[in-house]
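One-letter residues, chain by chain:
Protein chains: 2
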Amino acid sequence: MPHHQLAKLNDHGQRFWLDSLSRDMLDNGQLASRIREQGLSGITSNPAIFAKTMADSPAYDARIAAALNTLAEDGSAPAEAVYERLATDDVRDACDLLLPLHEASDGLDGFVSLEVSPHLAYDAVATRQQARELWDRVGRPNLFIKVPGTPQGLDAVEALLVDGIKVNITLLFGRDAYEETLQCYLRAMEQRLRDGKDLHSVASVASFFLSRIDTAVDRELRQRMGARVSAGLVAEAESLLGRTAVANAQLAYARYREVGESERWQRLAKAGARPQRLVWASTGTKDPSLSDTHYIDALILPETISTMPEATADAFNDHGRIEVPAPERFTEAATLLERLERNLAIDLDAITHQLVADGVQKFIDPYDQLLQRLAERMERFRDARAATGRASPLLGQAKRLRASVLRMTSHAGSGHATSSLSCADLITALFFHEMRWDPSAPGARDQDRFLLSKGHAAPILWAALFEAGAISTDPLTLRQHDSDLEGHPTPRNPWIPVATGSLGQGLSAVNGMALADRLDGIEARLFCLLGDGECSEGSVWEAAQFAADQGLGQVVAIVDANGLAQSGPAPYGHDTSVLAGRFRAFGWRALEIDGHDFAAILPALKATRASDSGAPGDRPTAIIARTIKGKGVSFLEGAAGWHGKALDEEQLAQALAGIAAPEVRLEMEPRRVPRAEPRRATIARNTREDAQEYSQPPLKVAYERGEEVATRAAFGTALRKLGSRFADLVVVDGDVKNSTKTELFAETYPERFVEARIAEQNMLGVALGLAASGKRPCVATFAAFLTRAFDSIRMAAHSQHPRMLICGSHAGVSIGEDGPSQMGLEDIAMFRALNGTTVLYPSDGVSAERLTEAGLEHDGMVYLRTTRGKTPVLYPSDERFEIGGSKTLVESLDDRLTLVAAGITVHTALEASARLREQGVHTRVIDAYSIKPLDVATLQRAAEETGTLLVVEDHHRDAGLGDAVAAQIGRLARVFRLGVSGDPRSGAPEQLLERHRLSGRQIEREALAIAA
Amino acid sequence: MPHHQLAKLNDHGQRFWLDSLSRDMLDNGQLASRIREQGLSGITSNPAIFAKTMADSPAYDARIAAALNTLAEDGSAPAEAVYERLATDDVRDACDLLLPLHEASDGLDGFVSLEVSPHLAYDAVATRQQARELWDRVGRPNLFIKVPGTPQGLDAVEALLVDGIKVNITLLFGRDAYEETLQCYLRAMEQRLRDGKDLHSVASVASFFLSRIDTAVDRELRQRMGARVSAGLVAEAESLLGRTAVANAQLAYARYREVGESERWQRLAKAGARPQRLVWASTGTKDPSLSDTHYIDALILPETISTMPEATADAFNDHGRIEVPAPERFTEAATLLERLERNLAIDLDAITHQLVADGVQKFIDPYDQLLQRLAERMERFRDARAATGRASPLLGQAKRLRASVLRMTSHAGSGHATSSLSCADLITALFFHEMRWDPSAPGARDQDRFLLSKGHAAPILWAALFEAGAISTDPLTLRQHDSDLEGHPTPRNPWIPVATGSLGQGLSAVNGMALADRLDGIEARLFCLLGDGECSEGSVWEAAQFAADQGLGQVVAIVDANGLAQSGPAPYGHDTSVLAGRFRAFGWRALEIDGHDFAAILPALKATRASDSGAPGDRPTAIIARTIKGKGVSFLEGAAGWHGKALDEEQLAQALAGIAAPEVRLEMEPRRVPRAEPRRATIARNTREDAQEYSQPPLKVAYERGEEVATRAAFGTALRKLGSRFADLVVVDGDVKNSTKTELFAETYPERFVEARIAEQNMLGVALGLAASGKRPCVATFAAFLTRAFDSIRMAAHSQHPRMLICGSHAGVSIGEDGPSQMGLEDIAMFRALNGTTVLYPSDGVSAERLTEAGLEHDGMVYLRTTRGKTPVLYPSDERFEIGGSKTLVESLDDRLTLVAAGITVHTALEASARLREQGVHTRVIDAYSIKPLDVATLQRAAEETGTLLVVEDHHRDAGLGDAVAAQIGRLARVFRLGVSGDPRSGAPEQLLERHRLSGRQIEREALAIAA
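Order-wise, the sequence lines are chains A and B.
For the first sequence, this note's numbering gives the first residue as 185, with consecutive numbering after it.
For the second sequence, this note's numbering gives the first residue as 185, with consecutive numbering after it.
Any given hint might turn out to be false.
Given that identical chains are not distinguished, each listed pair holds provided it fits within a single copy or across any two copies.
List time: in silico DSS-like cross-link candidates among lysine-lysine, alpha-carbon distance up to 27 Å [what the hints assert, rightly or not]: (1) K381 - K884; (2) K546 - K470; (3) K192 - K884; (4) K1071 - K1054; (5) K829 - K1054.
Everything labelled a hint here was simulated from the structure, so no lab data went into it.
None of the values given here were measured: they were computed from a predicted structure.
Next comes chain A alone, as it looks inside the complex (with noise of 0.2 Å):
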């Protein structure tokens, strides 16, 4: 048997109350078991005690709930209302369980109090108004009804208890007030005496205060112990410390004897009268220095109550020590308080006055605290019942969507059901609640547009346009070959913008996206769903950055956090705390919440309106949506080893058997988004010259014969331009405006003019969603610093052949002195390895100038490669340039050998042409700026005509030009390959292309070896 100290206090004539009331304790036996083993005997609860346990106890879920409907059916009522049906609740049952007690103890125990609103504890009238209906309220007869001991709160009290109210006077801390509610309660029951009233059945109880005094006190006498104060006088404060409360209280109870012994009171007592029993209140130790049951083991005093917080009771009930204190202690008690008073000048009168109405602020705060967190609560239940009457059908939906999801991929055998299930709630409450979208309507871009940059979840989105009637493929045609159905979303089908798949690259596109709405008015908002793991993509926080910095407030990235990964646990599991810091810290607003509760998910979806009053402005929003991966099907969730498979026959019936879909699908209503006028920004404010001049095909070009211009100005002049003609023209720098030369379109069109900083691939992302809006982007940078978006590039590539014009300056080794780190050497193997690109490569300004307008009037993707260096124009101004042509530019009936060249080989080709002919070689130069398509037609000429070619590049040697014209010609000649091969490094232009054999002089010793 356990060893209770609790329930040897009675055996010292005093008794235990619990000082806390909650709902949970009462319905999980606590109380009960405490009556049973501790002799608990009464329970007093305050204002800060319910605002603890009801603020956001779920065990208050159900009765707010009930309060709300009963009080008012519009679910209108006041908080004040809400608490005192709550409070009252609980005591009365409390009540109840001490009821026993009560009535065996002929109604001497047993008794739970009950405070009043801490605002009135200065007005006696309305005290005693409240303290009436509360009374009434609850209803039992072991209820006492808590009052503080201010004067006007003691008026109340003395009238109460002459109707025979039962009353605990509390916030007791001076011995002053003390005798106040002494003479209170005798000048009531002499009253009552007199108006020939029972006094047996009324009681009452004085609270007297503890540790707070010592806390006053002590605080003051450690003011009296700083640095350089005499030592004397630090003695003396050090020795009072803790000390104050238990001989102020110890001199209350000395008082409380006296009168017990006096003729006025034994004239009470004969007819009836119960003592007023002191109460110690305020046991709970603060000081650490102190034992943690001080209070308690020093005040174990016949007649009197000590009621104690759970912490105080358990301590004591585990060590506390039983001591009655000697009478003489009384008088020690007088002397303490002299010397506070004498040596030490701590007034306690002083104090213990400051402290009732510091006592009554500290049940005002927590009160009102716990009205406003009510209504939060209320406001709460009410938004939940109107979501529930939302949710229901979106529930029934949801299950349709995770039934389908679990067919197509049984069906097609494989595809990734657990991680479709995962997002299956938040993908409902998007089509079927929050999304203003149309469902006929495919390609309209007003309205909210959803991206799946987890495109491994594909079969839930099927699923959703299935059910939403916006696709009529059958979802179990899903994985095949002829189906729009892919295994990851692509374009085609027509609900896709951009290819998905290769993770963390959906929200760049949806930046895309936005800008491209920014620019013509549009205000629908661009939902991006991501998963948990995929946030290690560093693109990711490229995106992020870019979205913040750019103000996409319509921007909303959805984290599906299942906590599961391809091949294990997601870097941070469920604590979605992680990835919510990092999006706030890349300047996001972000939200955490349970991803398969409605009553969540649909809040967050509504912040996200720029219509809501907590709508992001400028900022973008994450929602953090912990989920379960495979949630629905019991045998699924959160189990490893299921990523990307699907389930067999059997499993699949069990599986639908559990999700039990409802019969019928939810109908959803088409909406578009409101369209405002196009922003000034989308018109062309060139001048009107500009407007004139270029508006018509073939662009003006004006350069000299011989001129020294770098292709890469060229085409930054072409840009700007063009800039009139096409207004849809948008173009996305990496910083690297002023090497490019983009910042010629960007000084006349800043609002076309899009900086997205060091970051390749998100700069490529937001290209293709421009290109998906119908926008027609340019985006330059290094051609070195495009392999750091290859991965982009080649999805735009799988993407259906997006409108884009692709810029990598600084081809080659001829940029010279910065080295190989930004020498781009590798860029036209990448582009020729894609489907459906294009590969132009000018060697002057006019055929840069008309590449870049040829480059922007295709309907694919172009890929424009310039150089750094100037050279010298070789075509007159009005010269055409078509892609898939050539041009030859040296050409004779004696040739024995073509020279294939582009770019800055052109120069050195015809250097090593002139030399050749010097010496009786006869060479014809081609120019092959259109690398992808090659003019085969002139090639296989040349090669005909002259038997052997000679391709010579500033690229890797291999999977560049060579190696296309090995491909389509090696059949009808001797192809050979001139170009970069060991490594590069630093050094002046000309020097590395000797180096690296595509100078002039290099060209001609290789002719000549070939020739020979």
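Chain B: place on chain A using the hints.
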């Protein structure tokens, strides 16, 4: 002339004092002008005021330093002594400012008050002693020592006054305490009279407090105004708000007048005693509903002083109202205080008594905080003094580096001078102070190492290495063709671990170096210098996440936040908090410092030592350093348009003159890092059998011919086996270990397996860092996702041929249903276009294992391409596969065509060959498993013998194997290519091979067409 309402107070017999004092005020002439223009005639100070001014103001820097030196030679003076020094200095200077007024007014005006330590408020003896000390230390006649009006304080005051020390009695709230003060003054004067001392030379004032009383009383009044309180009570409470303090003060003033008229006083006055004037203190309005001059306006009474905080003084000067109260007000005041007590139970005595204790505490807290703060500042000064000792040679060295940078860039005619200057101090601190390194040991790993992620700042690195004697190459050869001092660093210079210059990659390499150190028990730190613009690269955040998740506490990222990117401002200018917040959100410790202040740089670097008390433990550290681009050259500092530009001769001369670098360079002491025992982790803990079985080449392989095995699985198997042979093998995964099958290695060698999650750029960078530290990394992901890391791979290729094996799985359309996003179709093109790479592509289990072995043995970068689906084993288990070889699988004298295939297409080619043979068409079949280098000899023979080659590959048709063969063999035979063109999509593998003309049937058809 400006309006000065303050000056008018004099006309009404009131003096204006300022309740504020600071060094700034003294120095900037504010006090002097207030004396001149506003009639300021006194100043009060207190510990809270000094706490505000002294805690952080740089105005005290010099004085703290001086106090430290003069108080104790070793700088060990206690903070209190320094405080007293600073305070008495300020007060003395203020006294001197007011001395003329003091003298002109016959000692009536021009006082400054200095308070005793608030800790002495209840110690008469100590108060008296300290007051005497302060009095002597200031040594001015117009000083008031301020003493609180506690009983003990007044005891001291009486004695002080008798001694002739002038006293301002403060913290007077209650009229009872004021009465004591009056009596105390009377007694002191009477004593002096008795002692025959002069009375006229003594002065005293009584500071009576105002607004704090209202704050306390109004708080209680508001308690009476809560919900449900009776309307009458609320109205009464409301009517008294904000009125108590003034009423209380009026009554105190009435008492002052009363005493002044008493006989007792008249006797003293006749003997020369001066009245003890009342000072209104705490006059700043706290309640926003009251006028900001409330406490001034109401108490403009003759012979009083109003001491005001600056804001109140300025407010009154602007719009104060001068309205002298009629005497009847005093009666009103008494009534008001009665109402408080009677109607509202507010105990003003209790409140005022408590306010004294609170007031003392309100000085103790800031006083103690100030001493704490001063102790910290003193510590910083001691640190700084120590650092200055260290810094002064560093300052000179930094100048030398700056001069060197300018000389070399000007000589080169290009290079990033300004980006080098911004980090010159950081680099100097690292290389000449903090890093333990040995200039004679470029290859050694047992030293702290440095990586310049912002590679364009190469000049500063070369300068530092040269100055430290680590390199001997003349810095003036910067960027020259034959120098290893390249424009951006490459490992051609022995101090460079990996090439940098493509931004955002350094941190990942450092991560890999740190992992290698951890495996080998080397406790070096790894410093990585980044630019601020660079931090827009997502790869930085991939690396940041990795470092934190792996607990790489030895990694230190230093961000040179110079606020300027290449083409405009960096994203967050000099606001270092943004990047610091991001690093913190990614799990790092982040420090923000001034990157040009050695006193800030050195402690920040010191805090990264494992032995430092603030050491980061397992958390990496980011130091975000605010710097100025171009720092050190006046016309370059923060100027736009200088990125990457060099100075001309004249500018250089001007800059060098400004820098004035010292002649002599700073010698640095070579140091090494202690090297611990290697962790067990590095020792293969495979089974003994494995070690015996697989320790020697050739690798034992065991498959049956015809057995179905996926090459990716065979790769994983081989890795696991080879783990025992290569103790330096470390495998890095991107969350696809169950797909690439590196999980087989992970299970056996978890310590050498690194989960780099879905972040391919960092994954490659980590592998490069491992290679740079002598490990043999193998990294694997889907071939498609290697495109994500192309720039990282490219930079690795520029890093002088690191030894690493890169495996790309899921190659080609044959992956099937997952669709194009997951298909590697560009990987061969990528690796072919890089210098020094090897490309291997096994077709069955045997070749996959053998090529894995060959790849790991090879000293360079090897790409291994594997296939998702299972393929039949073609080769006997003991078949050998050399890099540069091929296998001729079908061959006859009748061959009219050679099918060149690799990987999956070897199988479809064999199928086609068999079909063709049935039709009498003999074809040779070559497995070209070594795509780079190609087995040219075998292909040439086939070309010669069969005349036509048909290359078949599951890769994009361009830039892959077909191109390679065409380029090499095209001159000898006709080369046709079959590869993937057109948009790939989801579907069954067989369907997709068929669709893209790679199936046996399609090859057969193409072969027949060619043959025809």
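Hint-by-hint comparison with the structure:
{"no.": "1", "hint": "K381 - K884", "result": "neither (114 Å within a copy, 106 Å between copies)"}
{"no.": "2", "hint": "K546 - K470", "result": "both (16 Å within a copy, 22 Å between copies)"}
{"no.": "3", "hint": "K192 - K884", "result": "neither (106 Å within a copy, 79 Å between copies)"}
{"no.": "4", "hint": "K1071 - K1054", "result": "within (20 Å within a copy, 49 Å between copies)"}
{"no.": "5", "hint": "K829 - K1054", "result": "between (57 Å within a copy, 18 Å between copies)"}
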